[in-house]
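Here the protein sequences come in this chain order: A and B. The numbering used here puts the first residue of the first sequence at 1, with every later residue one more than the last. The numbering used here puts the first residue of the second sequence at 1, with every later residue one more than the last.
No lab work stands behind these hints: they were computed from the structure. Being a predicted model, the structure only gives us computed values, none of them experimental. Don't take every hint at face value.
Using 20 Å as the maximum straight-line C-alpha spacing, the simulated EDC-like pairs for lysine to aspartate or glutamate come out as follows [what the hints assert, rightly or not]:
#1 A:K126 - B:E42
#2 A:K68 - A:E96
#3 B:K121 - A:E23
#4 A:K123 - B:E42
#5 A:K126 - B:E122
#6 A:K123 - B:D75
#7 A:K406 - A:D34
#8 B:K57 - A:E43
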Amino acid sequence: MIALVDCNNFYVSCERVFQPSLEGKPVGILSNNDGCIIARSEEIKKLGVAMGTPYFKIPDLIKQHNIKILSSNYALYGDMSRRVMQVLGRFTPTMEVYSIDECFLDLSGFSQDLTTYSNTIAKTVKQGTGIPVSIGIAPTKTLAKLANKLAKKGIAGNGSVLVWNTLAEPDKLLATLPVKELWGISSGLGKRLNRIRIDNVLALKQANIQLIRKQFGVVLERMVRELNEIPCIPLEMIAPKRKQILTSRSFGTRLSTLPELRAAVSVFATRSAEKLRSQNLCTQTLCVFIHTSPFALDKPSYNNAITISLDQPTQDTGLLIRTALAGLERIYRPGYEYQRAGILLPDLMPNGMQQLSLFQDDSNDNPKSERLMTVLDAINHAHGRHSIRYASQGLSARWQMRQQLKSPAYTTRWECLPIVTIN
Amino acid sequence: MSHYITPLFNTSLKIPLFSSSVAAGFASPADDHLEAELDLNEYLIAHPSETFFVRAKGDSMQQAGIFDKDLLIVDRSLTPKDNDIVIAAVAGQLTVKRLVVKLGKPWLYPANPNYKPIPIKEGSELHVWGVVVHAIHKVSNLS
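Model the full structure from these sequences, guided by the hints.
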């Protein structure tokens, strides 16, 4: 049996642990740069605020219902996630951390009553970390995900826990769920399924498996088998190496001059190179993109991107910055107010496996660059990010993220510890 | 009657590394007495993933040895019991109190005798956040 443990409204719950005054109030958390609402408490959901609502569009509602809005505080969420996962790790030897707030636990071979066991898990996590969780348990990952969803909705199960096999008539329930509610079914795939008259989960479960495989491929076939309680998707206990790296931000203020964009792109290139080195990867391709705001309908809009191939795979910050800036010069057009830029490294390979170039003249450069990067990383690790930087990153950062409503890093910085009053 | 001898796997013996260089000529006489270094984390924190640090502010809680600006180590995994110093959420604020159980009912006692004890009722918003296990202050701060 597999359990999916999902933290309820995770970002909001993290904030509430340290600000108990937020309990029971409508709370929304904003995306990077205070753009859209990306996490919501139950209370704000009930007020009809949808996921992804732009912050600037609902000032009246916020005032009227005294909605509490916060910038996202990833230092806090990351640390709380680590704590939740560590507590969960005590309940099974086999687990897959699926995302910042979700985790699969393998409970096969457990002889105890799984509902009781799951209630103990939920209670331990809540007491130890303050984070409420919901747990769905089923023979397969797909059904565990579904059971979790049902537990959250309060459709079945007791409180926050639902064991699939305790359902009296699971098929009746499946018939009420549209296919797009299912884990991994995109809206496009949902529409294609609807066209062949598969519109609810029960219909998909009972669909002809050969037909599904032929028309939709092996991924959906696996899902159909999983709906029929045959496990096909194993737990991934070791996180797979990343296939691509994206470093991109919206700017705090719109930028229009090339020097400002150069500084931002240099920072993104630096960060991308750090990500490469931390995973011992390198890249031979780099893509730079810039675009104007999709919301500024009264201003001229421009989007462009350029992909550049390097002679040699690299993880060198200097080389990535030079390449990114050369790309930026090619796509930059004056007269626009840019809202976002970014760097994508679409094709990564393990460091040390690169093919040497036939015409490479600077064959001694590699070990030198590696030593330099190691020193750079060590200094920035010890003294804080950007302690040592390339000049092109600049000193002022007008473009940096706007995060005006951020709570302190309660659990990761001495100067930010929660204050408790003695009285 | 047959006897089975089952090996024990649940104990372990750690052998210390001989750290002094042999090339120097003489082995250090301390090599035979090496022990692990003392780890303050190990002493102060029993449950790392459920332990939080908070900063105390306000009147001292002398009888509990807690002073203004102290770093408090709070273990949320512990079940609070009578006479524990706890962090409690009272009216949306985190505060330091003493938990007292009287006639089977839990109360939060303030440090300051001018304030009244507060009863913890079932279903109220008031709840115990965690148990304070250590208070840390620089001794030179106390005068």
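Exercise for review: Could you tell me which of the hints above the structure violates, numbers in ascending order?
Suggested key: Violated hints: 1, 2, 4, 8; rest satisfied.
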